[in-house]
Amino acid sequence: MVYPYIPHTDEDRKKMLDAIGVASIEELYEGLTEELMLSDSVPISHGRSEDEVLRMITSIAQRNSKGIPFLGCGCYDHLIPSTVQALANLPSFVTAYTPYQAEMSQGLLQAIYEFQSMICEITGMDVSNASLYDGANAASEAASLMIHAKRKATTVLVSSTIHPFALQVLTTWATGAGHRIRLVSEHLGVADFSQLDAEITDDVAGLIVQSPNRYGFLEDYSGIAQRLHERGCLFAISSDLLSLAMQKSPAEWDADIAVGDTQALGIPLGFGGPSCGYMAVTKALMRKIPGRIVGATVDAQGRKGYTLTLQAREQHIKREHATSNVCSNQALAALMTTIHLSSLGWGGMVEAAQQSYVKAHYLAYHLAQLPGISLIWDSPFWCEFPLVFSDAKRMRKFLQELRNEDIFAGVRLSSLTRKPQDELVLLVAVTEKRSREELELYLAAARRVMK
Amino acid sequence: MDSIPQELKYSKDHEWVRLENDKAFVGITDHAQSELGEIVFVELPPIGERFNKDEEISTVESVKAASAIINPIEGVVVEVNEDLDGSPELVNTDCYKNYLYALESFSRSDYDELLNATDYGAYLESL
Chain A
173 MVYPYIPHTD
183 EDRKKMLDAI
193 GVASIEELYE
203 GLTEELMLSD
213 SVPISHGRSE
223 DEVLRMITSI
233 AQRNSKGIPF
243 LGCGCYDHLI
253 PSTVQALANL
263 PSFVTAYTPY
273 QAEMSQGLLQ
283 AIYEFQSMIC
293 EITGMDVSNA
303 SLYDGANAAS
313 EAASLMIHAK
323 RKATTVLVSS
333 TIHPFALQVL
343 TTWATGAGHR
353 IRLVSEHLGV
363 ADFSQLDAEI
373 TDDVAGLIVQ
383 SPNRYGFLED
393 YSGIAQRLHE
403 RGCLFAISSD
413 LLSLAMQKSP
423 AEWDADIAVG
433 DTQALGIPLG
443 FGGPSCGYMA
453 VTKALMRKIP
463 GRIVGATVDA
473 QGRKGYTLTL
483 QAREQHIKRE
493 HATSNVCSNQ
503 ALAALMTTIH
513 LSSLGWGGMV
523 EAAQQSYVKA
533 HYLAYHLAQL
543 PGISLIWDSP
553 FWCEFPLVFS
563 DAKRMRKFLQ
573 ELRNEDIFAG
583 VRLSSLTRKP
593 QDELVLLVAV
603 TEKRSREELE
613 LYLAAARRVM
623 K
Chain B
5 MDSIPQELKY
15 SKDHEWVRLE
25 NDKAFVGITD
35 HAQSELGEIV
45 FVELPPIGER
55 FNKDEEISTV
65 ESVKAASAII
75 NPIEGVVVEV
85 NEDLDGSPEL
95 VNTDCYKNYL
105 YALESFSRSD
115 YDELLNATDY
125 GAYLESL
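Sequence order for the protein chains is A and B.
Quick note: the first sequence uses the working numbering, first residue 173, plus one each step.
Quick note: the second sequence uses the working numbering, first residue 5, plus one each step.
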């Protein structure tokens, strides 16, 4: 049997035990009482060889059903140039653990610096951090920043149209930290700001919104930043990074904080993860943005170099006064986004966003002609839209018919929200990767069911 | 030896207070600035807000630490030292000339409870 992952031989173990002066492993654990020790009957199977494990995993993987995905809901099947995997898989990137002697790893720091520069360029913000785990994590860090930026604030307003998972993470954050999340209601699938002035009470630190929102709709934030700023509150917008090639940037809406996922740019689907979150802020919030930040500088000989900077607010310096406990980032996924963007350039990014838009609208237009399904709301959308079915039976039949054609027709919104009012809503996402043939296949199957 | 001007009052959190025309000016002591080292950023408190005694009012960042400034007497912030925005190192240069902020309608009893120079000096000795 070969166990390539266990490097120690019996001889190695004996040397180590000799060095600390105990005769056996059992003697080492002598101080532990009986009930703390595991008995022999731990219900796990014996170890297997590398080859056996590979065969087992492969056979499990082969049970995956394949199909053409029109699935989205925060995770999208966009084109990824092969340069991304080829470069991101270099051992120096793949195997690198978080650099504790950060400045020794100039290559990694430079890659992060490039990522930050791209995030700033795309969002229009002044300062970006080195990435966060995902968009939901970034939203909770935005909430945390808001609370700490305004004295005596306890509450963050959140649009009820943000992604259900982001709302879950925000709720978890608030529960643990003793803060409050208050929802801003929605109307016709977009956030309803008609009561906003009354909703901004003295305990409110700021507002978090999302566009494209949980239904795929683009939201209008005219005048929102001003209404918040007049009351000393901050404004955060969450967006799919690729969508910013086509919609107004957070900076253009005068937001203080931009957050979201970069998954659409270079990160493949993998059962919903891993993703990569971004977070960027205005210069005024430079010393409050959480996480790692890489800065460019020159060394003693005047050569360009990179360094971790602005760490004063972090827990290893500020201890219990730290305003965030994020100590890591999503470096490899951020690198994939960076390579992806370098390969595409602005032009390629805009084209991917535009093609997604055009194809999504083509499909939506033709589906809306069919009886029994409608695009309930008239709001503008980008690459994802909600179809509403007249009844549950037809919805099931529709999903089954398309499944028979190897098409994943969409995500049932209720599977994320568990709300009865979302039962008949199907979210359909179309990216630039879907071919004309795939769109026609979808439509043909849909026409067969919905007649 | 840390400099401790006679005419000022002090808190155990190493802030000094100077009264001038109904205002109380607040800064950090020589001991505090030398412990912090080279100061790179001073966060100034919001004007017009009332802060309690012992409330965290701002942050001073140096190359080696970030320290909370603990407001020594209750009052309303009426002035902040804008010079520190661009030149935070002025606190290192002359910590008694370069105040951080000034309070009005402050608590006289809080002020009276502060240490005088002799007692603050003795307190430093005891650390």
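Calculated directly from the structure, the hints in this document are not laboratory data.
Keep in mind the model is a prediction, meaning the values are calculated, not measured.
Heads up, some of the hints might be wrong.
Taking lysine-lysine and the BS3-like style, the derived pairs with C-alpha atoms no more than 30 Å apart in a straight line are [said to hold, decoys possible]:
id	chain 1	residue 1	chain 2	residue 2
1	A	591	A	569
2	A	490	B	57
3	B	68	A	476
4	B	68	B	101
5	B	68	A	324
6	B	27	A	531
7	B	16	A	455
8	B	101	A	455
9	A	531	A	565
10	B	68	A	490
11	A	476	A	322
12	A	476	B	27
13	B	57	A	322
14	A	455	A	324
15	B	16	A	490
16	A	490	A	324
17	A	324	B	27
18	B	27	B	101
19	A	531	A	455
20	B	27	A	322
21	A	623	A	531
22	B	101	A	490
23	A	324	B	16
24	A	420	A	605
25	A	490	A	569
26	A	238	A	187
27	A	322	B	68
Do the hints match the structure? See the list:
1. A/591 <-> A/569: Measuring from Cα to Cα gives roughly 21 Å; hence the hint holds.
2. A/490 <-> B/57: holds (21 Å)
3. B/68 <-> A/476: Holds, because 23 Å separates the two Cα atoms, which is no more than 30 Å.
4. B/68 <-> B/101: holds (23 Å)
5. B/68 <-> A/324: holds (28 Å)
6. B/27 <-> A/531: violated (66 Å)
7. B/16 <-> A/455: violated (34 Å)
8. B/101 <-> A/455: holds (29 Å)
9. A/531 <-> A/565: holds (28 Å)
10. B/68 <-> A/490: holds (11 Å)
11. A/476 <-> A/322: violated (37 Å)
12. A/476 <-> B/27: violated (48 Å)
13. B/57 <-> A/322: holds (19 Å)
14. A/455 <-> A/324: holds (23 Å)
15. B/16 <-> A/490: It holds: about 20 Å lies between the C-alpha atoms, which stays within 30 Å.
16. A/490 <-> A/324: Holds, at roughly 20 Å.
17. A/324 <-> B/27: Holds - the C-alpha atoms of residue 27 of chain B and residue 324 of chain A are around 25 Å apart, at most 30 Å.
18. B/27 <-> B/101: Within the cut-off at roughly 15 Å; holds.
19. A/531 <-> A/455: violated (38 Å)
20. B/27 <-> A/322: holds (25 Å)
21. A/623 <-> A/531: Holds, at about 23 Å.
22. B/101 <-> A/490: holds (27 Å)
23. A/324 <-> B/16: At roughly 25 Å apart (the allowed maximum being 30 Å), residue 16 of chain B and residue 324 of chain A satisfy the hint.
24. A/420 <-> A/605: holds (24 Å)
25. A/490 <-> A/569: Status violated; Cα separation ~58 Å.
26. A/238 <-> A/187: Distance ~52 Å between residue 238 of chain A and residue 187 of chain A Cα, so the pair is violated.
27. A/322 <-> B/68: Holds, at roughly 26 Å.
Going down the numbered hints, you'll see the structure goes against 6, 7, 11, 12, 19, 25 and 26, while the others check out.
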